[in-house]
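Asker: Listed below, chain by chain, are the residues.
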Amino acid sequence: MYAGPVQDLIEELGRLPGVGPKSAQRIAFHLLKLPKQDALRLARAVTEVKERVTLCTRCFNVAEGDECGVCVDSRRESGVLCVVEEPRDIVAVEKTHEYRGRYHVLQGAISPIEGIGPDQLKVRELLARLEPEEISEVILCTNPNIEGEATAMYLARLLRPLGLKVTRIASGLPVGGDLEYADELTLGRALEGRREVEA
Amino acid sequence: MGLYRERGVVLRTIKLGEADRIVTLVTEGRGKVRAVAKGVRRTKSRFGARLEPLSHAALLCYEGRSLDTITQAEAIDHFRPVREDLERLGRATCLLEVVDAVVQEGEADPRLYQMLLGALRTLAANDAPLLVPAFFWRLLAQQGFRPVLEHCVACGSGGALVAFDVGEGGVLCPSCRHGTRITADALGLLRRILGGDLVAVLAEGPLPAGPELEYLGTRALEHHLERRLRAVGVLDRA
Numbered sequence: 000m001y002a003g004p005v006q007d008l009i010e011e012l013g014r015l016p017g018v019g020p021k022s023a024q025r026i027a028f029h030l031l032k033l034p035k036q037d038a039l040r041l042a043r044a045v046t047e048v049k050e051r052v053t054l055c056t057r058c059f060n061v062a063e064g065d066e067c068g069v070c071v072d073s074r075r076e077s078g079v080l081c082v083v084e085e086p087r088d089i090v091a092v093e094k095t096h097e098y099r100g101r102y103h104v105l106q107g108a109i110s111p112i113e114g115i116g117p118d119q120l121k122v123r124e125l126l127a128r129l130e131p132e133e134i135s136e137v138i139l140c141t142n143p144n145i146e147g148e149a150t151a152m153y154l155a156r157l158l159r160p161l162g163l164k165v166t167r168i169a170s171g172l173p174v175g176g177d178l179e180y181a182d183e184l185t186l187g188r189a190l191e192g193r194r195e196v197e198a
Numbered sequence: 000m001g002l003y004r005e006r007g008v009v010l011r012t013i014k015l016g017e018a019d020r021i022v023t024l025v026t027e028g029r030g031k032v033r034a035v036a037k038g039v040r041r042t043k044s045r046f047g048a049r050l051e052p053l054s055h056a057a058l059l060c061y062e063g064r065s066l067d068t069i070t071q072a073e074a075i076d077h078f079r080p081v082r083e084d085l086e087r088l089g090r091a092t093c094l095l096e097v098v099d100a101v102v103q104e105g106e107a108d109p110r111l112y113q114m115l116l117g118a119l120r121t122l123a124a125n126d127a128p129l130l131v132p133a134f135f136w137r138l139l140a141q142q143g144f145r146p147v148l149e150h151c152v153a154c155g156s157g158g159a160l161v162a163f164d165v166g167e168g169g170v171l172c173p174s175c176r177h178g179t180r181i182t183a184d185a186l187g188l189l190r191r192i193l194g195g196d197l198v199a200v201l202a203e204g205p206l207p208a209g210p211e212l213e214y215l216g217t218r219a220l221e222h223h224l225e226r227r228l229r230a231v232g233v234l235d236r237a
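Protein sequences appear in the order of chains A and B.
Residues in the first sequence are numbered from 0 upward in steps of one, following numbering that gives the first Met the number 0.
Residues in the second sequence are numbered from 0 upward in steps of one, following numbering that gives the first Met the number 0.
Just so you know, not all the hints are guaranteed correct.
With a straight-line cut-off of 27 Å between C-alpha atoms, the simulated DSSO-like cross-links for lysine-lysine are [what the hints assert, rightly or not]:
1) A:Lys21 with B:Lys14
2) A:Lys94 with B:Lys31
3) A:Lys94 with A:Lys164
4) A:Lys32 with A:Lys49
5) A:Lys21 with B:Lys43
6) A:Lys94 with A:Lys49
7) A:Lys49 with B:Lys14
8) A:Lys49 with A:Lys121
9) A:Lys94 with A:Lys121
10) A:Lys94 with B:Lys43
11) A:Lys35 with A:Lys49
12) B:Lys31 with B:Lys14
13) A:Lys21 with A:Lys32
14) B:Lys31 with A:Lys121
15) B:Lys43 with B:Lys14
16) A:Lys21 with A:Lys35
17) B:Lys37 with B:Lys14
18) A:Lys35 with A:Lys94
19) B:Lys14 with A:Lys94
Far from chain A, by Cβ distances over 12 Å, these chain B residues were calculated [as the list claims (entries may be wrong)]:
20) Arg64
21) Leu95
22) Arg145
23) Cys175
FYI, nobody ran anything at the bench for these hints, they're computed from the structure.
Glycine is no exception: its CB is placed at the ideal position from the N, C-alpha and C atoms.
Just chain A, same shape as in the assembly (with noise of 0.2 Å):
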């Protein structure tokens, strides 16, 4: 339809997640208006991410280099390891400002349905760090959804006759909403994990 390379930019727009055909046509024509060195700064952007980032060694979080940023970083808290299941939820639990030790990344969750058994998942790597990095607490900080749940029992299955403490994050009902609306199972597990109010 178009001229062939904005014909192929069109194209390679619309795989993105979200992105139809209409609105690859959109960002298309937004970047040949764009000033040459923009337009490029995000070409490059694309090439130095497919180049420098790859998965880190230890935690298999994204990272530039052999190993990520946390485990890098010497002030973190050793000995206590929080367990996620993407990249993505070392950054939602790193904005809590609530936890100083380190991470690893499953990528992905256990899905009987889907076929994807712990054998495709990052665990052999997890047992593999126990030891040597002399881990005394696992946090099972999967999400709370039936994938997340069955990986966080598989986990606490095998990990606790090693002798070490397993936590799982709590359940309960996110702050500023509203108790009327609150579905049976989270208010039923919010109410079981009630804390006793120290005034």
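Starting from the known structure of chain A, arrange chain B on it as the hints suggest.
Answerer: Same frame as chain A, but now just chain B:
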């Protein structure tokens, strides 16, 4: 009107866009329903756990062209004991997968729906190691593929029966044998499952014939569905 009420069990969910999910349910009156739940993945979503796989919920939906949209959901049962036990969860996922493969959009199958609910309730009350093979075989029978177990399916002889063939749909005697070998124990158990002895079978602990029947049942279902089942054994590989 486009609005309708329905009760259903959530079979699976697929992420859609930023915070939505497509929820596949088996319902009482409409068979399989695929509907969009807007914003379910946000922590503050009104739906919360009500639209997770395995939840039994009462819904208010409106019809769309290809996908319906869920506007309200109220939980009937979460089957919490099933969710919190890896073994039972593994079994339940097997059931959800086969029901998803069998049930059709717009074709109500109330017996199948009741069968799934019954199986999940059984599992919530007590772990039943033989639930998956029992469910698979009962499902085959209910869908019209009840296997011939009393005599050889090829020659009709009533003597020793030693093999099972999924294509023939029954057991075979030593002279006609092909397909998979079946032990006398497994055959006996299968007769009990398809006869009237299901409750007693489900109350039993693990039997050596259980895995054999699960394997045969999986093969038979895969043969008739013409697709592979993925959930069976995923958690056992661990």
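Asker: Work down the list of hints and note, for each, if the structure agrees.
Answerer: How the hints compare with the structure:
In summary, the hint linking lysine 21 (chain A) to lysine 14 (chain B) is supported, as the alpha carbons are separated by about 22 Å, within the 27 Å threshold. For the suggested pair lysine 94 (chain A) and lysine 31 (chain B), the alpha carbons sit about 41 Å apart, so the restraint of at most 27 Å is broken. Our distance criterion of 27 Å between C-alpha atoms is met by lysine 94 (chain A) and lysine 164 (chain A), whose separation comes to about 24 Å. The suggested pairing of lysine 32 (chain A) with lysine 49 (chain A) holds, with an alpha-carbon distance near 26 Å, which does not exceed 27 Å.
Taken as a hint, the lysine 21 (chain A) and lysine 43 (chain B) pair is broken in the structure, with Cα atoms around 31 Å apart against an allowance of 27 Å. Proximity of lysine 94 (chain A) to lysine 49 (chain A) is assessed by CA-CA distance (about 26 Å); at most 27 Å being required, the pair is judged to hold. In summary, the hint linking lysine 49 (chain A) to lysine 14 (chain B) is supported, as the alpha carbons are separated by about 26 Å, within the 27 Å threshold. Proposed proximity of lysine 49 (chain A) and lysine 121 (chain A) is supported: the alpha carbons are some 22 Å apart, at most 27 Å.
Proposed proximity of lysine 94 (chain A) and lysine 121 (chain A) is supported: the alpha carbons are some 24 Å apart, at most 27 Å. For the proposed pair lysine 94 (chain A) and lysine 43 (chain B), the alpha carbon gap of about 18 Å is at most 27 Å, so the pair holds. Distance hint between lysine 35 (chain A) and lysine 49 (chain A) is fulfilled; the C-alpha atoms sit about 21 Å from each other, no more than 27 Å. For the suggested pair lysine 31 (chain B) and lysine 14 (chain B), the alpha carbons sit about 18 Å apart, so the restraint of at most 27 Å is met.
Taking the CA atoms of lysine 21 (chain A) and lysine 32 (chain A), the gap is near 17 Å; set against the 27 Å cutoff, the hint holds. Restraint check for lysine 31 (chain B) and lysine 121 (chain A): the C-alpha separation of about 35 Å exceeds 27 Å, so the hint is violated. Using a Cα cut-off of 27 Å, the hinted pair lysine 43 (chain B) and lysine 14 (chain B) holds, with the two alpha carbons roughly 17 Å apart. For the proposed pair lysine 21 (chain A) and lysine 35 (chain A), the alpha carbon gap of about 23 Å is at most 27 Å, so the pair holds.
Restraint check for lysine 37 (chain B) and lysine 14 (chain B): satisfied, since their Cα atoms lie roughly 11 Å apart, inside the 27 Å limit. Restraint check for lysine 35 (chain A) and lysine 94 (chain A): the C-alpha separation of about 36 Å exceeds 27 Å, so the hint is violated. A threshold of 27 Å between alpha carbons decides the hint, and for lysine 14 (chain B) with lysine 94 (chain A) the separation of about 24 Å falls inside it, so the pair holds. The claim that arginine 64 (chain B) is not at the interface with chain A holds, since no C-beta of that chain comes within 12 Å of its own (minimum 17 Å).
A cut-off of 12 Å between C-beta atoms contradicts the statement that leucine 95 (chain B) is not in contact with chain A; the least separation is 7 Å. The non-interface label for arginine 145 (chain B) is consistent with chain A: the shortest C-beta to C-beta separation is roughly 27 Å, beyond 12 Å. At roughly 35 Å from the closest C-beta of chain A, the C-beta of cysteine 175 (chain B) stays outside 12 Å, upholding its exclusion from the interface.
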